[in-house]
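Enquirer: Here is how the chains run, residue by residue.
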Amino acid sequence: MKSYRKELWFNTATRRLLINITPDVQRCVSESGIKEGLCLVNAMHITASVFINDDESGLHQDIEVWLEKLAPEKPYSQYRHNSYEDNADAHLKRTVMGREVTMAITNGKLDFGPWEQIFYGEFDGKRKKRVLVKIIGE
Amino acid sequence: MKSYRKELWFNTATRRLLINITPDVQRCVSESGIKEGLCLVNAMHITASVFINDDESGLHQDIEVWLEKLAPEKPYSQYRHNSYEDNADAHLKRTVMGREVTMAITNGKLDFGPWEQIFYGEFDGKRKKRVLVKIIGE
Amino acid sequence: MKSYRKELWFNTATRRLLINITPDVQRCVSESGIKEGLCLVNAMHITASVFINDDESGLHQDIEVWLEKLAPEKPYSQYRHNSYEDNADAHLKRTVMGREVTMAITNGKLDFGPWEQIFYGEFDGKRKKRVLVKIIGE
Chain U
86 MKSYRKELWF NTATRRLLIN ITPDVQRCVS ESGIKEGLCL VNAMHITASV
136 FINDDESGLH QDIEVWLEKL APEKPYSQYR HNSYEDNADA HLKRTVMGRE
186 VTMAITNGKL DFGPWEQIFY GEFDGKRKKR VLVKIIGE
Chain X
86 MKSYRKELWF NTATRRLLIN ITPDVQRCVS ESGIKEGLCL VNAMHITASV
136 FINDDESGLH QDIEVWLEKL APEKPYSQYR HNSYEDNADA HLKRTVMGRE
186 VTMAITNGKL DFGPWEQIFY GEFDGKRKKR VLVKIIGE
Chain F
86 MKSYRKELWF NTATRRLLIN ITPDVQRCVS ESGIKEGLCL VNAMHITASV
136 FINDDESGLH QDIEVWLEKL APEKPYSQYR HNSYEDNADA HLKRTVMGRE
186 VTMAITNGKL DFGPWEQIFY GEFDGKRKKR VLVKIIGE
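Protein chains in written order, with the working numbering: chain U, 86 to 223; chain X, 86 to 223; chain F, 86 to 223.
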């Protein structure tokens, strides 16, 4: 069994942002030399997400509006977590979007349907944060 | 290490439907010959879901009503994604329900609690769509 | 390839409770002797959750309030599932929080960011329920 590990780093200019990381993960799969296995990609922070969906800007705006309705950022005082912080909404938004994605690797490639793209979802940005890529297989 | 891969295909008569795929996945586990390992089952489409819950028709109706409250199908115009499409709600519903399930295989079987059943959740059906089963182990 | 399996049991005094199980899972990783691999931790019941977030009591209260807004326990009669049962809300709350977490193991340890902690989320307690830990790797 082989294993591979890499960190991907981000520092977004805005509090919230969705970034397509599919090419980065594909590069990891190639570097790993693993032909058959599983690839785990997870946020290493609890106010960010890794998820799979469509790379379509209208949908990304819909997700922003929808998450703000399900778990609004403001008023900050509505959350008990926000006594010294202001990011309780980011913890909840990441819960909706998910921490991680596990993907199959087949013939040395991400085994994806036609529209699947991997995103880093930042919900409390403007600082350095990272994603873990771990691959095991043969 | 052994690996196994199979696609399961669906074509639902209705836009939304929940289908119990536990027997299909169990058959894959048997076919794989893998005794100890991990089994990943994921939707290969971004408007469908694979999740684990109860096979109880009342609950399935509750899920339908609940998802329609969290991410209503109509009016289509409420979503920016719906300029050429009408399925933005399906992208959001699948986000709530999740893309994938990772399960343990022990002694050649799905290592499940008493009520766990695997479902394919279709949220934009009436067309051919598929699920990936990938198993690794020994 | 090595594999490891353990069940963790819980019996909460209240209907809903979040329990930090990170030390229990770390002990499993040590016991397994696996240095590089993947660790799956999942609820074996469909009214409970395993998820990763912050161990901060204010946030845990926010999660309780938020889940009650998204999927209220009462009135019980609002759910079709509740003809002989009263736990439909627990099925929905667990859907939001997730069934399972897959984590990387690197150098014999959970490969975590600084604030990641694993929780058992009980949404229909006051009875014996369990979590599965499965680890594969080398």
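Honestly, I wouldn't trust all of these hints.
Pairs count within a copy or across copies, as identical chains cannot be separated in the list.
Unchecked claim - Simulated pairs of lysine to aspartate or glutamate, EDC-like, Cα-Cα distance not exceeding 16 Å:
hint	residue 1	residue 2
1	159	141
2	91	196
3	91	121
4	159	170
5	211	171
6	87	223
7	214	116
8	87	121
Derived from the structure by calculation, the hints contain no laboratory data. On a predicted model such as this, the values are computed, not experimentally measured, just so you know.
Enquirer: Look at each hint and say if it fits the structure.
Expert: Hint-by-hint comparison with the structure:
Proximity of residue 159 and residue 141 under a CA criterion of 16 Å is satisfied in neither setting, with 27 Å inside one chain copy and 20 Å between copies. Proximity of residue 91 and residue 196 under a CA criterion of 16 Å is satisfied inter-copy only: 11 Å between copies versus 19 Å inside one chain copy. For the identical chains of this complex, residue 91 and residue 121 are inter-copy neighbours only, at 13 Å across copies versus 18 Å inside a copy, given an alpha-carbon limit of 16 Å. In the homo-oligomer, the alpha carbons of residue 159 and residue 170 lie at most 16 Å apart inside one protomer (12 Å), although the nearest pairing across protomers, at 32 Å, exceeds that limit.
With identical chains, the CA atoms of residue 211 and residue 171 are at most 16 Å apart within one copy only, with a shortest distance of 13 Å there and 34 Å across copies. Taking the shortest alpha-carbon separations for residue 87 and residue 223, both the intra-copy value of 6 Å and the inter-copy value of 9 Å come in at or below 16 Å. Taking CA atoms no more than 16 Å apart as the test, residue 214 paired with residue 116 passes in neither setting, with 22 Å inside one copy and 31 Å between copies. Both within a single protomer and between protomers do residue 87 and residue 121 lie at most 16 Å apart by alpha-carbon distance, with minima of 10 Å and 9 Å respectively.
Of the hints listed earlier, those the structure fails to meet are numbers 1 and 7, in rising order.
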